[in-house]
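Keeping their order, the protein sequence lines are chains A and B.
With my numbering, you'll find the first sequence wraps up at 230, consecutive numbering, no jumps.
With my numbering, you'll find the second sequence wraps up at 150, consecutive numbering, no jumps.
It is worth saying that the hints were derived from the structure and are not from the lab.
Treat the hints loosely; a few may be bogus.
Unchecked claim - Only pairs whose alpha carbons sit at most 20 Å apart, straight line, appear in this in silico SDA-like list of lysine to any residue:
hint: 1; chain 1: B; residue 1: Lys111; chain 2: A; residue 2: Gln189
hint: 2; chain 1: B; residue 1: Lys75; chain 2: A; residue 2: Ser96
hint: 3; chain 1: B; residue 1: Lys88; chain 2: A; residue 2: Gly193
hint: 4; chain 1: A; residue 1: Lys102; chain 2: B; residue 2: Thr63
hint: 5; chain 1: B; residue 1: Lys47; chain 2: A; residue 2: Ser173
hint: 6; chain 1: B; residue 1: Lys75; chain 2: A; residue 2: Thr153
hint: 7; chain 1: B; residue 1: Lys111; chain 2: A; residue 2: Val230
hint: 8; chain 1: A; residue 1: Lys102; chain 2: A; residue 2: Ala77
hint: 9; chain 1: B; residue 1: Lys23; chain 2: A; residue 2: Asn104
hint: 10; chain 1: B; residue 1: Lys111; chain 2: A; residue 2: Ala77
hint: 11; chain 1: A; residue 1: Lys102; chain 2: B; residue 2: Lys88
hint: 12; chain 1: A; residue 1: Lys102; chain 2: B; residue 2: Val114
hint: 13; chain 1: B; residue 1: Lys47; chain 2: A; residue 2: Asn104
hint: 14; chain 1: B; residue 1: Lys23; chain 2: A; residue 2: Thr97
hint: 15; chain 1: B; residue 1: Lys23; chain 2: A; residue 2: Asn141
hint: 16; chain 1: A; residue 1: Lys102; chain 2: B; residue 2: Lys87
hint: 17; chain 1: B; residue 1: Lys111; chain 2: A; residue 2: Val217
hint: 18; chain 1: B; residue 1: Lys111; chain 2: A; residue 2: Glu228
hint: 19; chain 1: B; residue 1: Lys111; chain 2: A; residue 2: Gln107
hint: 20; chain 1: A; residue 1: Lys102; chain 2: B; residue 2: Tyr108
hint: 21; chain 1: A; residue 1: Lys102; chain 2: B; residue 2: Lys47
hint: 22; chain 1: B; residue 1: Lys47; chain 2: A; residue 2: Gly215
hint: 23; chain 1: B; residue 1: Lys47; chain 2: A; residue 2: Ala79
hint: 24; chain 1: B; residue 1: Lys111; chain 2: A; residue 2: Ser96
hint: 25; chain 1: A; residue 1: Lys102; chain 2: A; residue 2: Gly193
hint: 26; chain 1: B; residue 1: Lys75; chain 2: A; residue 2: Gln107
hint: 27; chain 1: B; residue 1: Lys75; chain 2: A; residue 2: Gln189
hint: 28; chain 1: B; residue 1: Lys47; chain 2: A; residue 2: Thr98
hint: 29; chain 1: B; residue 1: Lys23; chain 2: A; residue 2: Gln192
hint: 30; chain 1: B; residue 1: Lys87; chain 2: A; residue 2: Glu105
hint: 31; chain 1: A; residue 1: Lys102; chain 2: B; residue 2: Ile117
hint: 32; chain 1: B; residue 1: Lys111; chain 2: B; residue 2: Lys47
Unchecked claim - Computed footprint of chain A on chain B; a stretch qualifies when at least three of its residues, placed anywhere within it, have a C-beta under 8 Å from a C-beta of chain A:
hint: 33; region: 60–72
hint: 34; region: 104–114
Idealized CB from N, CA, C, for every residue including glycine.
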Amino acid sequence: MARYSLVFSSQATVATADTTALTANKYVALGGNSTTMQLKVNEVQCGGEATAASAVQIYRFGRSSTVAATSLTGTDLYNANLDATSTAPGTVALFSSNSTTKPQRSSTLGSLIAHSFNAYGGLVRWQARQGEEITIVGNTASLGECTYSGFTGTVASTVSGHIIYELV
Amino acid sequence: MSSKRSHEGYFVMDHRGSPGVPDEIVQKDGLVSGAGHGLFESATFTCNHCEAVVVKNPDRSRERAWCKKCDHYICDGCGMTMHKTGLCYPFKAMVADILNLQDRRPAESVVEQSALLTPKLNEALSNIILP
């Protein structure tokens, strides 16, 4: 159906272990907005914006064992339809960087993509071949939401990037 | 006719203008030593059983796990599971099953059975809660 780019811009980073509530405005959560919604993630890119010192980022894209709930907001998040001519679906995906109940990265399914890079001049990107995307289905744990956030060992810094996905 | 390589994705880590990442960190991610410095590019595949993204190591000499039933690369963890159990349950099949369950599930998530069944069996069936 429609392809979207979820952009996070100049987001602060922090180290957070698995099965621990992520920190407000220091993660990106992308999930389904209904029990039958299906998303296919086919690109995750992140680049560092540190200006002075080396800052290693240990980022993980993976499934949530607790999904974001209640009062979802997305500071510096931008969800853009990639095809200007397509009609947006009636219900779009849920995305957020803050909520009353914060998402938690699963300890078993939370590392579908491992992105380690240096925020001082480094960038990292993964692109899936068509048909090899990561699927998000429904709106409940553990398949209904994925987060992109700093894992244990991440040095506080600033990053920007995007997640490209298709709403099926 | 598709080949094994036709499933490959692309992974790039660019530290040409950066101090880079120490080897002990990139090795934990399953990458080769030195990948955290300069430009590192590699093919990836998505495990067909769990959808984890595996960055391929071109120097690997061990055999990669391959599922003959779904005709796809799978990650080492799922490879071990399949070796032990022989079961193939692709992630896409699981998604289809979940969506089918959603379509069939009654509003109250309780299975209703015919009154023609014996009362004991009917009671047991009515207690089944679908996931």
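A quick look at each hint next to the structure:
About 19 Å separates the Cα atoms of Lys111 of chain B and Gln189 of chain A, which keeps this hinted pair within 20 Å; it holds. This hinted pair does not check out: Lys75 of chain B and Ser96 of chain A have alpha carbons roughly 35 Å apart, beyond 20 Å. Annotation: proposed proximity of Lys88 of chain B to Gly193 of chain A holds, straight-line Cα distance about 17 Å (limit 20 Å). Distance check on the hinted pair: Lys102 of chain A and Thr63 of chain B sit about 17 Å apart at the alpha-carbon level, within 20 Å; holds.
Simply put, Lys47 of chain B and Ser173 of chain A have alpha-carbon atoms about 12 Å apart, close enough for the 20 Å limit, and the pair holds. Of the supplied pair hints, the one linking Lys75 of chain B and Thr153 of chain A is violated, its CA atoms being roughly 37 Å apart against a limit of 20 Å. In summary, the hint linking Lys111 of chain B to Val230 of chain A is supported, as the alpha carbons are separated by about 13 Å, within the 20 Å threshold. Between Lys102 of chain A and Ala77 of chain A, the direct Cα distance comes to roughly 27 Å. Violation of the 20 Å bound is thereby established for this hinted pair.
A hinted pair counts as satisfied when its Cα atoms are at most 20 Å apart, and Lys23 of chain B with Asn104 of chain A qualifies at roughly 19 Å. Our distance criterion of 20 Å between C-alpha atoms is broken by Lys111 of chain B and Ala77 of chain A, whose separation comes to about 32 Å. Under the criterion of a C-alpha separation no larger than 20 Å, the hint pairing Lys102 of chain A with Lys88 of chain B is inconsistent with the structure, at around 23 Å. At roughly 12 Å between alpha-carbon atoms, Lys102 of chain A and Val114 of chain B fall within 20 Å of each other, so this suggested pair holds.
Our distance criterion of 20 Å between C-alpha atoms is broken by Lys47 of chain B and Asn104 of chain A, whose separation comes to about 23 Å. A C-alpha spacing of about 34 Å is found between Lys23 of chain B and Thr97 of chain A, which places the hinted pair above 20 Å, so the restraint is violated. Distance hint between Lys23 of chain B and Asn141 of chain A is unfulfilled; the C-alpha atoms sit about 34 Å from each other, more than 20 Å. In summary, the hint linking Lys102 of chain A to Lys87 of chain B is not supported, as the alpha carbons are separated by about 24 Å, beyond the 20 Å threshold.
Straight-line distance between C-alpha atoms of Lys111 of chain B and Val217 of chain A comes to about 36 Å, which puts the hinted pair past the 20 Å bound. For the suggested pair Lys111 of chain B and Glu228 of chain A, the alpha carbons sit about 15 Å apart, so the restraint of at most 20 Å is met. Of the supplied pair hints, the one linking Lys111 of chain B and Gln107 of chain A is violated, its CA atoms being roughly 24 Å apart against a limit of 20 Å. At roughly 19 Å between alpha-carbon atoms, Lys102 of chain A and Tyr108 of chain B fall within 20 Å of each other, so this suggested pair holds.
A threshold of 20 Å between alpha carbons decides the hint, and for Lys102 of chain A with Lys47 of chain B the separation of about 27 Å lies outside it, so the pair is violated. Taken as a hint, the Lys47 of chain B and Gly215 of chain A pair is honoured in the structure, with Cα atoms around 12 Å apart against an allowance of 20 Å. Distance check on the hinted pair: Lys47 of chain B and Ala79 of chain A sit about 15 Å apart at the alpha-carbon level, within 20 Å; holds. About 18 Å separates the Cα atoms of Lys111 of chain B and Ser96 of chain A, which keeps this hinted pair within 20 Å; it holds.
Pair hint Lys102 of chain A plus Gly193 of chain A holds up; C-alpha atoms about 9 Å apart against a cutoff of 20 Å. In summary, the hint linking Lys75 of chain B to Gln107 of chain A is supported, as the alpha carbons are separated by about 18 Å, within the 20 Å threshold. Taken as a hint, the Lys75 of chain B and Gln189 of chain A pair is honoured in the structure, with Cα atoms around 14 Å apart against an allowance of 20 Å. About 35 Å separates the Cα atoms of Lys47 of chain B and Thr98 of chain A, which puts this hinted pair outside 20 Å; it is violated.
Only pairs whose Cα atoms come within 20 Å are accepted, and Lys23 of chain B paired with Gln192 of chain A is accepted, the gap being roughly 14 Å. With a C-alpha separation of about 27 Å, the suggested pair Lys87 of chain B and Glu105 of chain A falls outside the 20 Å cut-off, and the hint is violated. Distance restraint check for Lys102 of chain A and Ile117 of chain B: the Cα-Cα separation of roughly 16 Å lies within the 20 Å cut-off, and the hinted pair is therefore satisfied. Between Lys111 of chain B and Lys47 of chain B the alpha-carbon distance is near 28 Å, which puts this suggested pair outside the 20 Å criterion.
Counting residues of the region 60–72 of chain B whose CB lies closer than 8 Å to any CB of chain A gives 7, which reaches the minimum of 3, so the coverage claim holds. Residues of the region 104–114 of chain B lying with their CB closer than 8 Å to a CB of chain A number 3, which satisfies the three-residue condition for coverage.
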